[in-house]
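Peer 1: Sequence:
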Amino acid sequence: MRLVVGAVLVDRLDVPTRLLAARRTGPPALAGRWELPGGKVEPGETPQEALHREIDEELGLAVRLGAEVVRPGGGAWPLTAGLEMRVWWCAAVAGAPTASDAHDELRWLGRDQLDEVPWLDPDRPLVALLARSLRLP
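For the sequence shown, the residue numbers in our numbering are 6 to 142.
These aren't lab readings, by the way, just hints derived from the structure by calculation.
Any given hint might turn out to be false.
Derived Cβ-Cβ restraints for the label pairs, each shown as a range [what the hints assert, rightly or not]:
| no. | residue 1 | residue 2 | range |
| --- | --- | --- | --- |
| 1 | Met6 | Arg140 | 28 to 38 Å |
| 2 | Asp16 | Ser105 | 17 to 27 Å |
| 3 | Leu8 | Leu35 | 24 to 34 Å |
What you are looking at is a predicted structure, and each value in this text was computed from that prediction instead of being measured.
Positions of the beta carbon are idealized from the N, C-alpha and C atoms, including for glycine.
Please model the entire structure based on the sequences and the hints provided.
Peer 2: Quick look at the structure:
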């Protein structure tokens, strides 16, 4: 099973009111759908190291990690055959989010806006869980 890491990048770790969603540019079957930023863990990396690297590469940000968002019942979030994802709350400590080759649009979404974008199907249960943690501004 290959491990992917994802960032629930929020405006504030203590009282989050919005999170950053990223629109994929590829592959063609996924282009135009939205996800949490992140990527695959490389050999020799811890999941946390991979998350820091991926967020720097994809968004140009340094982040502080908060708690891991664990799937109900425990364990990683299933994505596709052969892929599972671990996810952490994160907040930027340096930089401003910038779109890259992997994502052509970034959008900050509050709790009442999460349904405005077409999320990747495997991310839907995670987004539903996150919605309960976001506070209204």
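Peer 1: Determine for every hint whether it applies to the structure shown.
Peer 2: Evaluated hints:
no. : hint                       : verdict
1   : Met6 x Arg140: 28 to 38 Å  : holds (34 Å)
2   : Asp16 x Ser105: 17 to 27 Å : holds (21 Å)
3   : Leu8 x Leu35: 24 to 34 Å   : violated (18 Å)
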